[in-house]
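Colleague: The primary structure of each chain is shown beneath.
There are 6 protein chains.
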Amino acid sequence: MKTYAREIKENDHVDSIFLVKDKTFGITKTGNTYLRLKLVDRTGEMEGRIWSSTEVFNDSFNKNDFVHVRAKAVSFQERLQLNITHVEQVGEDSLDLTDFFPITDKNIDEMFRTLVEISSQVKSPHLRRLLELFWEDELFLKDFKRAPASKQLHHTRLGGLLEHSLSVAQLAIKNCTHYTGLNLDLLITCSILHDIGKVDELSYDRSFDYSDQGRLIGHIILGIEKINEKILQVPDFPKDLSNTLKHLLISHHGQYIWGSPKKPMTLEAVMLHYLDDMDAKIDGIKQFLRTHLPEGSKWSAYHPMLEQFFYVPGSEIKDQIELLEKTGEPGLEGE
Amino acid sequence: MKTYAREIKENDHVDSIFLVKDKTFGITKTGNTYLRLKLVDRTGEMEGRIWSSTEVFNDSFNKNDFVHVRAKAVSFQERLQLNITHVEQVGEDSLDLTDFFPITDKNIDEMFRTLVEISSQVKSPHLRRLLELFWEDELFLKDFKRAPASKQLHHTRLGGLLEHSLSVAQLAIKNCTHYTGLNLDLLITCSILHDIGKVDELSYDRSFDYSDQGRLIGHIILGIEKINEKILQVPDFPKDLSNTLKHLLISHHGQYIWGSPKKPMTLEAVMLHYLDDMDAKIDGIKQFLRTHLPEGSKWSAYHPMLEQFFYVPGSEIKDQIELLEKTGEPGLEGE
Amino acid sequence: MKTYAREIKENDHVDSIFLVKDKTFGITKTGNTYLRLKLVDRTGEMEGRIWSSTEVFNDSFNKNDFVHVRAKAVSFQERLQLNITHVEQVGEDSLDLTDFFPITDKNIDEMFRTLVEISSQVKSPHLRRLLELFWEDELFLKDFKRAPASKQLHHTRLGGLLEHSLSVAQLAIKNCTHYTGLNLDLLITCSILHDIGKVDELSYDRSFDYSDQGRLIGHIILGIEKINEKILQVPDFPKDLSNTLKHLLISHHGQYIWGSPKKPMTLEAVMLHYLDDMDAKIDGIKQFLRTHLPEGSKWSAYHPMLEQFFYVPGSEIKDQIELLEKTGEPGLEGE
Amino acid sequence: MKTYAREIKENDHVDSIFLVKDKTFGITKTGNTYLRLKLVDRTGEMEGRIWSSTEVFNDSFNKNDFVHVRAKAVSFQERLQLNITHVEQVGEDSLDLTDFFPITDKNIDEMFRTLVEISSQVKSPHLRRLLELFWEDELFLKDFKRAPASKQLHHTRLGGLLEHSLSVAQLAIKNCTHYTGLNLDLLITCSILHDIGKVDELSYDRSFDYSDQGRLIGHIILGIEKINEKILQVPDFPKDLSNTLKHLLISHHGQYIWGSPKKPMTLEAVMLHYLDDMDAKIDGIKQFLRTHLPEGSKWSAYHPMLEQFFYVPGSEIKDQIELLEKTGEPGLEGE
Amino acid sequence: MKTYAREIKENDHVDSIFLVKDKTFGITKTGNTYLRLKLVDRTGEMEGRIWSSTEVFNDSFNKNDFVHVRAKAVSFQERLQLNITHVEQVGEDSLDLTDFFPITDKNIDEMFRTLVEISSQVKSPHLRRLLELFWEDELFLKDFKRAPASKQLHHTRLGGLLEHSLSVAQLAIKNCTHYTGLNLDLLITCSILHDIGKVDELSYDRSFDYSDQGRLIGHIILGIEKINEKILQVPDFPKDLSNTLKHLLISHHGQYIWGSPKKPMTLEAVMLHYLDDMDAKIDGIKQFLRTHLPEGSKWSAYHPMLEQFFYVPGSEIKDQIELLEKTGEPGLEGE
Amino acid sequence: MKTYAREIKENDHVDSIFLVKDKTFGITKTGNTYLRLKLVDRTGEMEGRIWSSTEVFNDSFNKNDFVHVRAKAVSFQERLQLNITHVEQVGEDSLDLTDFFPITDKNIDEMFRTLVEISSQVKSPHLRRLLELFWEDELFLKDFKRAPASKQLHHTRLGGLLEHSLSVAQLAIKNCTHYTGLNLDLLITCSILHDIGKVDELSYDRSFDYSDQGRLIGHIILGIEKINEKILQVPDFPKDLSNTLKHLLISHHGQYIWGSPKKPMTLEAVMLHYLDDMDAKIDGIKQFLRTHLPEGSKWSAYHPMLEQFFYVPGSEIKDQIELLEKTGEPGLEGE
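Chains as they are written, first to last, in the working numbering: chain A, 18 to 352; chain L, 18 to 352; chain V, 18 to 352; chain E, 18 to 352; chain B, 18 to 352; chain S, 18 to 352.
For the record, the hints were derived by calculation from the structure and aren't laboratory data.
Wrong hints could be hidden among the right ones.
Identical chains blur together in the list; that is why a pair holds if it fits in one copy or across any two.
[What the hints assert, rightly or not] Derived lysine to any residue pairs resembling SDA-like cross-links, with alpha carbons at most 25 Å apart:
1. Lys19 x Arg96
2. Lys140 x Tyr196
3. Lys26 x Thr47
4. Lys256 x Gln325
5. Lys191 x Gly271
6. Lys168 x His309
7. Lys38 x His85
8. Lys26 x Gln94
9. Lys243 x Phe157
10. Lys280 x Leu310
11. Lys140 x Lys315
12. Lys315 x Asn260
13. Lys191 x Ser136
14. Lys80 x Ser317
15. Lys303 x Asp257
16. Lys168 x Asn260
17. Lys19 x His30
18. Lys280 x Arg307
19. Lys243 x Asp253
Construct all of the structure, not just a fragment, from the sequences and the given hints.
Modeller: Laid out in structure tokens, this is it:
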């Protein structure tokens, strides 16, 4: 059974699997070489040291491998570390990935089925065919179902991109039908596709970060490229429709300063921007509160990127208890 | 039957009612005095001149009165004007206000009933009582049902504030229940009340403008004052609840730069900000397109306050025909 | 006699009173429980540890209590800490609060008398009565005389709000009479009242911080609420006057971006904004220099909120010696 | 006696002096040449036309000359113009300049004496000598006493720079002595000198505009150059003092974005910035109100540079009547 | 021979070709129908009216046609207009396009040959092949050689895009070789291709404006799409190279606020941004000066988009005479 | 031979020269006094302690002296420090300054000769004479050849100002001649002189920092003062030319927000701004990459002032190897 990093106490004997986030050599004051490991799982990280047979152990696994570790927890310089006696690489198949990465607590296959169901309600044959082409692309789907929606800010978990895309599509149906004069087909299609560039913008095999092309080009243009690929395969896709579709995608951040090369110029683009932003903020704040709301406090820690505090009210307002019950899912800090 | 300003042609004999927006004396080159009137109705404005009995006519009505006019349309300096032979003040009762002001095309009483119905679903006794106190205040209701939601930008029509408040409340129900952990009672209450300060911020008896207190103090603080008045009448209104409620109201613009003295700090405040802003933008753009989309064009005129153009796509997108069918409702330009 | 935190040296025997800012349990490597205290006074803070009878001592006082401590100062991990042998809660009456909090070095009662004297010179009966109502409100006065004017930036000391309000009122008299056409009554009244919302925005019983309503609603709207309460008690308070009065209060930050929901629109509002801002900056810089001007240097440390350095010139400029002579009054860092 | 442009009515016979702001030839439809003049005085401008002897008249005066005109006012295309029968150049000596330019209504010599008196109270021998050197420079004084303080925004009148400099110096004395720790000598000196670059930045012989060097270099650096010139003549002027003095001058706009290459870094620089800005705004708003407050209105026209309206309250606030009584002094619009 | 709009005087008999920019019906006061034309050429525009045979003439040509016009110039309401007696549509072949549109005064074919020559010096086979593919695409070339580089700001003339692309490529060679460590191949390639999206962003058949896709999607993404098309045809184009190449293209505006979805992150991207911006500004200012520098003045008119004036110095600086000698090339105002 | 701080390992015996950046007394737990030194050289810093004869040693050298040190490297609290047994002050002559400060790797005298050569090509006698006056000023030259061009951002090394000035002058020649209509004399002169104020703005004797006048007044105005001094010595220097020259200098930052009191208003000023900024950025990024590009990574660390990452591409792009080969030259962090 998994022993979680956060639960280890001094003098514990640890016998469990961890992900090796870093591996470097050190030298003791007496001149001996040792191996210094950074071991992580879903709940945090722990330093580990191998004092003997370092050469052998060093050759037996690499950074970013999963390893089975046997060790004793000792205190050094006021911090806990693991004195490792045995370490052994293990394959990805023999373990439960959710022990190591935050993952959506919704059912991925179920979410995907709902999304396909929604796609099939699109009446425009061109837009419906466009969506089908994505659902028929197995390589794309593998990533689309695993990717997080953001490195840090919201839906930062495996399956998060799917969760966010579905959520925005559902919001689009609810809000679009509240008004007259908006094109529901277009809104559904773009809600589903607006962030597909994130499949390539982010890397999420061993930690959540940007890929090279993610930083250099960004998910907006990566998404346009993906859509262009598929549109070529739809016969007679109308030019005006593809212009409008792409416009929704590139304007969904709403402002130049937020990285959109165009401001929303159609009613659908305006609505998509608000729904996407709202869904990201609501999830992002909840995700932040799960790890940054001190016990007993109604005030969160300061959110450095949003530059503010958040408040969870008390009296008459019971629903947020649900909010605080959730466990796990540590914020992936960085950058 | 009403003859509309926009329909008058040279040499027409006009016999209809107008609102006097301005009344000044002029002097002809030969030294005679005449009366110069600015006559308006829902469709535009027309200059009128009274050449004889000016003193008598001048005493018989004031600026901002409705008057029955008999006149002939003549061309002067390339523009049409009315040579008025008779003018007579008429009371407000004898006329149809919608001939003179843009007015919501929804049923005001029906909208109000729906709003009251929504209020009654609020479970918190304090919040429900707070809303009831507003519905029991006849003086408030008279204004609340007539006020526009904005001088220029959106819902600029009699009944517009009610229309906007109801719309945001309905959106709140749809969107709040999409998530867990948000307080629906609070969201409904604040959706309904978020703009009540506009009842006093704007003046809308003869034209849509800001009142003195509207410009000096603004609808956010005027709204807080109205709510404080009512809260005093609710026994044991919890302090934490009133803080949270007021916070939603004062933060609903979302940013300091948009006039909110606080940024939204609770999940409900964040959602209210997005829904309010989205509803205002969607209606505002549609309102703008009705008068600023040149015939046959897919591009609107430049929107000076939003600093952009808007686009109404063509192919596969039929719904916006509805959008263009609407008549009347001229934009009330100004400031 | 008080022993100050900043003066304690290794091996000192300490026998003095401190404020308990934090109290938590710790566990030694050998598994014993100890009590960890954060003890503070006006000059800084000191960690203290109780190694025996921890249960008994723990029950005998709480966080935020004042305690009499007997201890020896020892060095641990390069930092001083107190090994406490005895601790005992003491009442607020038996101590000198100025040992624990920064406090104005002016006489509070004298400042208040001056303020009342200035109020009595207001000629408008409505405004003068308004001020009197505040001076008759004992509950309000208790807080008004103690509150600091800001958590961090200026007049961060007990009595600071009174000091700042009086200072701005005196500046208003001097500057208003320099010009013609400004209403002195209005300026005096609003100078005195412009920050009264801070009485409720801040908490200042045990440390200087924001209250819940302070963060959620802010001192501008809290001030408006206080003024509305009193205006209701002044018979026939003119509407135009109350609009103008409130306008000065809500616009005194000068710009949306600085949290004012309105820009100053009257001559008096413009002047109040400048005088308030100048008084806050002059005091704030002097307060910053007292703790952030390295000895022998003409340059202060970097001021992170104002994003600049400050300079204290040398030659021919002797007056600032006074500036540096002041003691005590540590900056209350935070947030 | 002067006939003012604003007072001329149709059919008036005009016999008065004007400034020629523009002079161009026109051709009538029948092929004849005529002279078209733009004639201005303090109250406005009037078009004039010379139909005969155009060659002779054209040679007898130039643009920017003062001319004595005899003419009849006629209406053409709905606007008044002067049919000129005689025109003759007149010297500057024979006329009252205040008929043509807005001029301070304070006594220039008296203001100057007060300023010199204030200078003499400066205790630092170096600073006092510096000021004396300016007062001994006749060429400088001639301009300093005539220059306006701004092309458009405030003190836009002959003598305006002197008026503003004196006003800031007087404010400096009042406000500096309100605090301890500020150097009064430095504040007085810099209050007087802070805008002296405007003597060269602006041109004000025939209209108020920027000079070439004004636009290219600006009054801040022109002022520094003037001060450097004089400092060279003060024996042993301390380096630290001249640094601090120049710092006050170049930072008096307060922010980079307002054209200051440095932010205020000393207490004196901070105070000078506030007092200068406040004095400019108070005078600028009053100047704006004199020509942009519609009769009977409490709201000014929109101020395009400050991007807001201004409000002149009514009840209990009688002093602003003084404000409205002032005559003349038209706003010099432009740019 | 062409008679230019700007040269027509009252009573001239005009017999020349114009472009019909607008065509609408009007009704005279006596009830007759006439045709109102807006006729333009390179030098400006002129109103024309057809009073008889309007039905026949109306059917014989459309808006945006070139027409041969016979007319007399008359004055109406103080403005010149053409009373047209005969009008006849003419084909594009029989006329000199440069009479109607501003066009580069450099030789287009020669510029293109130089650009191809520069391309051939690129050493990377992938990049060189990429460029060749563009030069082999006849459809693309036709537009690339005609397109302006901007609707209004710089190189606003037929051939302007080619001129700007060549200029930036030449600057890249000069500046890149000034430093070590920059990749010249990449810089040359991206200098040439950075604005190719403008071929589709703008329309320039009858006037210079944005196309639908230009406004909705913009030249940055249109350029990426064009490059993707060609890269697909280059075997084994390295992924890292295509990322870097695209990064230069999308970051060449330098800042989010200027429409770049990424900031320049490589040395080459940084340099391209500066050179592109400098070339655009230098040409843009010269283009502006040609029509907005009043004769005899050293100061230009106010440039509304750059929000400043420009200065052309006099003494010792003779070279700019060349600048003023240029004729024609009116600014194409708009938007 | 020099032992560099960065190369010292535990237990090394050190016998080398360092610069004393700080010197303070400490007290051991047993009550003995020791001397704590901060020793620096070009590669970093190292703490040193003198345990005996502290009084004697203390009197023998001061902070900012160079000292010869004999010591043993020991580990204390996980960090290395030097136990010093002997220390002795040494003169500046006996050492190689480049061991202690970053210095340009170009030949300073050669760069200076090139700059003089370029100056001599200026055709305007006034501008050429102005430059000569600087080259004849030995005191100025001594500093000009040593000063860095910036405290942190670019050319942060001895000789850096000369290097940057020469580079911009060479770029000016290349880019100016690419266009017609620009004044090459003016551009060369101002390229050379644009940053001469930095000679006084920075201090660079013992570390790179701002001088008092640098912070208070800044290099733009210090440069203007230097130029004014020299212009006085050039007979008949034309006023228009000196205005234009100064304008280039004060506008070279390009925007108010970047500290320029004027925006560039001439073609030459516009070009100078771009070339200066480009040269600073290219050098600044390369300087940053040398110390902030982790080995094996294509991504730099986050650049806090430019608020971004930088990317060094791999494939097909070999030239940047040169970039990484460079050694030494540590970033001078601070502020």
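Colleague: Tell me, which hint numbers fail for this structure?
Modeller: none
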